[in-house]
Every structure is written in C-alpha cells, then in structure tokens.
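Hey, can you work out the whole structure from these sequences and the hints?
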Amino acid sequence: MSAPPVAAEPQVAVKKAKKKVKVVSRQQLSFGQRLRRDWPLLLMCFPAMALLLVFHYIPALGNIIAFQDYNPFVGDNPLEAFLYSEWIGFGNFEYLFKTSAFWDSVITTLSITAFQLVFYFPIPIALAVLLNSVLSPRIRSLVQSVVYLPHFFSWVLVVSLFQMMLGGAGLLAQTLRQAGYTPPEIMTNPDTFMFLITSQAIWKDAGWGMIVFLAALAAIDPSLYEAAAADGAGRWRRMWHITLPGLRSVIVLLLILRLGDALNVGFEQFVLQREMVGREAAEVVDTYVYYQGIAVQQWGVGAAAGLFKAAVGILLIVGANKLAHRFGEQGIYSKR
Amino acid sequence: MSADTVVRPRRNTLRPVWEEQPSLLGQFGKGTILTLVVAVVVVPLWVVVVTSLSSEKTINDAGGYVFLPREFNPSAYVVIFSGGQITDAILVSTIVTLAGTALSLVVTVLAAYGLSRPGTLGHRPILFYFLLTFLIYPGMIPSYLVVTGLGLKDNLLSLILPTAISAFNLVVLRAFFMSIPGELYDSARMDGAGELRILTRIVLPLSKAVTAVVGLFYAVGYWNAFFNAILYIDRNDLQPVQRVLQQFILAGQSPASSGASVAIPGLGSTVPPSLAIKMAVVVVTVVPALIIYPFVQRHFTKGVIIGAVKG
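Chains as they are written, first to last, in the UniProt record's numbering: chain Y, 1 to 336; chain W, 1 to 311.
Hints listed in this document are in silico derivations from the structure and should not be mistaken for laboratory results.
There's no promise every hint is true.
Stated by the list, open to error - Per label pair, the in silico range of CB-to-CB distance: (1) Y:89 - W:212: 45 to 55 Å; (2) Y:241 - W:22: 16 to 26 Å; (3) Y:280 - W:25: 24 to 34 Å; (4) W:56 - Y:245: 50 to 60 Å.
Because the structure is a prediction, the values reported are computed rather than measured.
Each residue gets a CB set at the ideal place from its N, CA and C atoms; glycine is no exception.
Printed below as a string of structure tokens:
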C-alpha cells in the first residue's frame, strides 16, 4: 500500500531539481552567450517578420496619409509622393463626416451586423446542440463533413451558386416558370438584400462556426447529465441547466469578437453584389473605402475612412470585453 | 430473448443508461432537420456537376439546369482545358496556390519553431510583434500603395506575398510545437543535432496533422484569392480562376468575347459558351478543395481547438 507514494516522491524531487538547475543556468548566461545559443532560432523568425513588416506594418503606418492630401503624382514612387504630399490635418475626416454617402455606408454596415447577430449568430449554436444530441457517430461525422465544406468555398463561388439556384435564370425560377408561376426577384431586390446576404453567410459559415461549440460541448462532464437525470431532470431541463451554461463562456467570447468586428461585415460578398442590387443596399464601409480610394482615387479620404473603421473597431472590442468582465466572464484577455 | 441480447450491448454503447427512450417525434424532427441541412449544401453542388456533364440537348430539354443525370458527356471539360482564357486562369491559380502554400508553410513553420521554446533570447517581444497583427491591421489603401509601389502590379507575387503569413496559423503551429515533450528536444541536442535538424527530423514528423491543416488553410486562401486579383491584376492572361468565375457567372460575360482572350476552340468566337461550360468552370473552382478536404478533415477539430484554446 505504501509503495506507490515512496516511489513517486524521488521522481518529483528529481524533476524539481532539474527545473531549478535549468532556470538558474539560464539566468546566469550573459547576453552574448544567449545570443550564441539562440541565434538559429532568431534567424528562423526573420523571414516571417520581414514579410509582416513589408506587407503589414508598413501599410499600417501608411494610414498616416489619412491626414494628407495624398497625391501620387508629386513623386516618382509612393514614398516620395508621401513625403511631398500636403498635410491637411483632419481635413479628410471633416470631409468624410459631412458626406452622407459615408454615413449611409456606416449605417448599412451596422444594421447588417445587428441583423446577423439576431438571425445568424444563434444558428451554429443550435446546430451544434442538435448534432451533439445525435448519438450515432457515423451520422454525426457525415453531417459534420458536409456542413464544414462550404467554408472552404470562395465568396465568388457562393454568390455564383446562389445566383444559379435562386437567380432570374436559376433553378428555382426555371422550376416555377415551368409550373406556370412568375418567379420572384431574389438576387436583385434591395429590400430583401439583408436576408439574402445573411442566408449566404449562413450557408457558407454556419457549419464551420459550429466547430467551437462542439468542442465546448465535448468538454462538458457527462456525469453532470447523469446526476441531473438522477435528480429527475428531463431532456429539456438538462439542456437548459447543463448544456447551455457549458457553452456560456464560448458564446460570450464569440459575441465580443463579433462586436469588435461590427464594422467588418466582409468585403467580397458586397463588391460582388453591389451592381446587382444597387449601391444603396450594398454599400458597406469597406466598399466605400474601395470605391472612394481606389476607383475614384481620393486616396486620403479612403484611407481616413479605413482608419476610422479600424479605430472604432478597437474601441468596440475593448468596450465589449469590459462588458464581458462585468458579467463575470473571462472575455478575450482576463483583467488581472 | 436472443434478439434482445444481440441488440442491447450495441444500444448501450450509443446511449447512456440513464437516458430515456427517444420519442418518435423527436427522432423524426431531428432526422428531417439534419437531412434538410445536408441537402441545402449538397443539392446545388449536385446540380452543377450533373449539368456540367450534360450535352446541349439534355440541357435544352430540361429548360436549363439538369437535376437527373442522363448521360456522361465530358465535352465541356475538354473545351475549358484546351487553351484559352479559362485554361490560363486554371494554370495561374494552380501556380499561385502551389508556390504560395509552399512559401507560407516554410516561413510559418520556421517562425513557429523559432518561438516555440520559452526562454529564447528576445522571444517575448518577437511573439508580441506577431500577435500585434491581430489588433493593428493595414488599411486597404496603404496596402495598395505599398504593393504597387514595389512594382508588383500585374505580377503573380502580388497574389502571394501580401497574404503569405497569417499570425493565426503561426499561433496554432507554435502551440502544437510547444506541446511536444521537452525531453525529445534535449535528447536530440545531446546527439549533436542542430536546430534545423531537430525541426525536420523530430518536430515536423510529430506534427504532420497540424501542419496539414495549416497548409490546407493557406492553400484555400490562395486558391480563393479574388480581391487581391481585382486590386493588382489587370492583364487578362494573369487572372486567377475566381476572377474568371465572376466575369463568367456573375457579370454574364463570355470569355470568348472579352478582348484579348483566345476564342474557345470548337465554339467559334461569337457563340456564347453553353451552360455546361459555365458549370464546368464552377466545378473546376470547387474540385481542389474537394480533393484535399477528405485527407485533412479529420484533423480539423484538433488543429482549430489548439489554436482557440492556447492562442
């Protein structure tokens, strides 16, 4: 009986000793010694760092042109153009905030986010709970493989498939026409555009969104269910008192992330359909940036709109995280 | 009696003992919903594939899209692979995807390994440098100016380099590398292996699954590249598949009539491409994902959850 503890103790001691020795030796090393030891590892990080510097951080710094009347023709390259362009302070922002088209795009974006929070957000949760209640592993994995798949399709393909199924010459219209009905306009109707893009988003990503919830469900201790059942809780009460609380922290986390992304509803989906439904319905902040900046070549205004979006995004995510802490959840980072 | 003993053990492995019998209505409801969900994904793909393999006559008889297959007619595929804009696009996308995925994987694996040993000189600030990309992101306009300023307009590198590294994938790989027991590293070092040899001989073979998932994520990104192509690629012969799909299906433009492109052999330059050819293009844009997917799919949960939990 007493043998196992005796055997375990020396092992623990050895482990502790080992760790201590390591830490001490590391602290004693000088900078040069550490450099000599670690330079291969540092070198390995270098290509990735260089790529991010050129294609991420330099463009991020380039947002400064939001405060310029950027003119690409005053120099031979963008850098010279940047150096010689005129500084105008908040001029671009003033212009932006006076433009109704910009505010329209902000309002469209926010209403799409709100709409999707109500009609899209719960679907992966419901799907995960439903799938988790299916007991046959074979059916479960079959359904999973099928619903994950559209996540790997491009937006062009998703919109094309919708066009082919629901568009004016699509399968639905074709069937209705053969049956003698007039097919409704689905792909080009600005009034129902919100439903259309939400159903596209659901088709593409609801299955994939389920993955996190399934993982959280798998982590729930089955004995909780057993105990609840022993106390007489039926199927629905178990779902209400065990399954959903088990998902709570994941739900809060994803809600925060969604709120932080409130101005980020996706770009390709809207560029692709802007022509079909008209500008009023499909202009989001991202497409506004694109058309102002690159198509109309008002670089400074476009950059200002992009910077505004990024700044609001950071504020939203920090605010939402604070809110999560108030509700006693962990959020993205714990407050400490 | 004997039938009972055969059935029971199987049932017990599926359903916990304390669970009550499922109601008939519940079973039926679940079955219906799941069938619907699966059908919503599968039916459009099915229709596209069947139509792409149909002849002009079958398509006309059906009045458009074909639901029930009546023949196997690969002529649409012969047409799109025998030269012209679509063949070019397929080539471009294949090259971008292969080269890009290779570059991304090498760079990400190296960096993830370099950061996987806590206590390395400067490893905290470097990690912070990578993580900061989640919060600070480059605007569309400055990115455009930088890429064009580097002279990458109408260069396939513009479809590769800006998206070559994703900090998310880096974090996923790093988390997995860190979960490999330190004793393995130590023993390899005792045997005189350098860092690169440890990476290729010990770490990578142990993390095939995660690396495959990350590779799939990168490959899908490159294959689906659409927006960067709008921004940076003007030349017709350098357009990737997604752009052709857009011009073809959504803008309703026929590749035969679009300026510099070569007429499709066997159709003549004035004949608009038939529905079967359009559908064949759609199939071509889906197929690569369908091919890699089954090999990688079983690792998804593992890869994604490591990233989500330890990130």
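Structure-based check of each hint:
1. Y:89 - W:212: 45 to 55 Å: 51 Å, holds
2. Y:241 - W:22: 16 to 26 Å: 20 Å, holds
3. Y:280 - W:25: 24 to 34 Å: With Cβ atoms ~45 Å apart, the hint is violated.
4. W:56 - Y:245: 50 to 60 Å: 59 Å, holds
The structure does not agree with numbered hint 3 stated previously, though it agrees with all others.
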